[in-house]
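Engineer: Residues per chain, in single letters:
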Amino acid sequence: MKTGLTRLLPYVLILLATLALVWIDKPFWIQLAIGVAITAITALAWDILSRTGQVSLGSAAFFGIGSYTLAIFEPLIGLALAWIAVVVVCALAATLLGLLTLRLRRMYFAIATLGFALSMQVLVVVFPDWTGGSGGIAPPVLADGDPRWQLGLIGLLLLAAVALSDALLGLRFRPAFFMIRTKPELAAASGVPVVRMKIFAFIVSGVLIGLAGACYGGLYGYVVPTDVFTTNWSVLPLAIATLGGMDTTIGPLLGAIALKALEEVARSVIGGTGYQVVYGAVIILFVIGMPQGIVGLLRKAAALAGRRTAAGEKKKERERHA
Amino acid sequence: MPDTASPGPTRRPAQPSGGAILAVEDLTVAFGGLKALDGVSLSIAAGEITGLIGPNGSGKSTLVNTVSGQLPVRGGRIRLHGGDVTGRRPDRIVRAGMARTYQIPRVPPTLTVEEVLSVPLLYAGRDRHRLPGLGDAAAIAAFCGLGPLFRRFCGDLSVTDLRRLEIARALACAPDLLLLDEAMAGLSHEDSVEVMGLIRNVHEQGISIVIIEHLMRVITSLCHRVVVLNNGRLLAEGAPATVLADQAVREAYLGKGFAA
Chain U
1 MKTGLTRLLP
11 YVLILLATLA
21 LVWIDKPFWI
31 QLAIGVAITA
41 ITALAWDILS
51 RTGQVSLGSA
61 AFFGIGSYTL
71 AIFEPLIGLA
81 LAWIAVVVVC
91 ALAATLLGLL
101 TLRLRRMYFA
111 IATLGFALSM
121 QVLVVVFPDW
131 TGGSGGIAPP
141 VLADGDPRWQ
151 LGLIGLLLLA
161 AVALSDALLG
171 LRFRPAFFMI
181 RTKPELAAAS
191 GVPVVRMKIF
201 AFIVSGVLIG
211 LAGACYGGLY
221 GYVVPTDVFT
231 TNWSVLPLAI
241 ATLGGMDTTI
251 GPLLGAIALK
261 ALEEVARSVI
271 GGTGYQVVYG
281 AVIILFVIGM
291 PQGIVGLLRK
301 AAALAGRRTA
311 AGEKKKERER
321 HA
Chain Z
1 MPDTASPGPT
11 RRPAQPSGGA
21 ILAVEDLTVA
31 FGGLKALDGV
41 SLSIAAGEIT
51 GLIGPNGSGK
61 STLVNTVSGQ
71 LPVRGGRIRL
81 HGGDVTGRRP
91 DRIVRAGMAR
101 TYQIPRVPPT
111 LTVEEVLSVP
121 LLYAGRDRHR
131 LPGLGDAAAI
141 AAFCGLGPLF
151 RRFCGDLSVT
161 DLRRLEIARA
171 LACAPDLLLL
181 DEAMAGLSHE
191 DSVEVMGLIR
201 NVHEQGISIV
211 IIEHLMRVIT
221 SLCHRVVVLN
231 NGRLLAEGAP
241 ATVLADQAVR
251 EAYLGKGFAA
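Protein chains in written order, with this note's numbering: chain U, 1 to 322; chain Z, 1 to 260.
Check before you lean on any hint, since a few could be wrong.
Derived, one-sided and incomplete: chain Z residues facing chain U with beta-carbon distance under 7 Å [claimed, not checked]:
1. Val94
2. Tyr123
3. Ala124
In silico contact screen, one side only, chain U against chain Z (beta carbon under 10 Å); selected entries [unchecked claim]:
4. Leu171
5. Pro175
6. Thr182
In case anyone wonders, no lab produced these hints; they're calculated from the structure. Positions of the beta carbon are idealized from the N, C-alpha and C atoms, including for glycine.
Required output: the full structure, derived from the provided sequences and hints.
Structural biologist: Pasting the structure below:
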């Protein structure tokens, strides 16, 4: 189906884009690329989870948990162990939330995960001794504050997310995940340990978003709950994956680029906060008009072009025979 | 086992029938206060095709759903190969050697036939050497008449092909016992004849089969033995000819008019 070359395309593009931007060293483009990479990671993570039928609105919980865990643990156990703590804490939170929401379907699952994200924000404010409360907390600055190295590190995390997403689209996981999504009983009747697989997807997704959140917190070395726990971080991954094309790796990548580009254009043309309305409206139009996302649009175009070439060749063939 | 009493029209299986492959003892399943199964005890003989019949709401589907691990048991025991599988998870029961089909197979439309079959091949974790002709997805698809559709998307398959795929999926679990839930419902006469042929071929691989079926000609031509449920209780069991001639069965199943 897919050739090796198209499989490699996202890796090559990310690598080349990161290296080029680091080389050019223009602050605006580096900041934009960091923004694209972080949202792309959260969107890939959201998509991985959604392949098992778990449509989450709780990404912000893991984003915030990631940044707060790094900030809280770094003074206690050092930087390296604090990063490991991010992975462990996010995996535990994902397991807990996954088990609690196991029997919830679609809408109820989405609402429960949204509630989890909102309650995490409250929890941070309730325990100010640990978290700094609403005043925020200071996580260690990523790569000593050098934006080029920051982009390099976040680019690496994005590559890891892409590799994970691809692995989970392989024959071992994709059919089983889709079967769990369409009819969990059928998956179980085929020998799939449904609960374990759903929790596994939740852990992969939660850890990736947590790591993205920890990177985000480390950009400026300062985090407030209203920044990392906002609903924005819950909706954005969903919007990007839908916009780009679900159940694919390239979709969330294209979606993140398209959304950031749209945001920047809307910001510079309209300005203020009014740009958010336009930007939201465009997302809605895209989701309604192209349910398969950008990837679906490209596939349609490719199919159309293919049919045209096939028709052209047939015509030539006929002319040759004539 | 009353072997002489079951001269089914199909050939005798390759493997000798060695007692019960599935035994249900005093099984009770309830939804709230309603007992869907009320103290049912029965056993399925190894190497045979057993028909499970009964009027709507008699508990056939509940029995299949319960023994395959998808409904909680309120009382009683389920034994597979003599081992207790009561309350085990569905995927564990598949691993223990019992697979089932669904009447309405809802497979993801964006998966190909090959991909659907890959799931049980990867996850059911069963020894495939017993079924030499059914070692991989391509062989199983060809066995079930899905060879030309191997790389097609499930969303493009016809109802009949989806039924075949559902049997193929269950076969890919490499079961010792296969439960077929109305595999022929809604099929045309020609198609159901074909599916019956497929079921015979599966049986000749040495797989024991239980079929839930409403069509009497299917039961009489395929089954060695018939089990009849009514109102969640066992009404009768035995050779098809004997059971279908039974007055109580005719009244329960076909209605009083037919029984006269």
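Engineer: The structure should be examined with respect to each hint, and the outcome stated for every one.
Structural biologist: Results of checking the hints against the structure:
| no. | hint | in the structure |
| --- | --- | --- |
| 1 | Val94 | holds, 4 Å |
| 2 | Tyr123 | holds, 4 Å |
| 3 | Ala124 | holds, 3 Å |
| 4 | Leu171 | holds, 6 Å |
| 5 | Pro175 | holds, 4 Å |
| 6 | Thr182 | holds, 4 Å |
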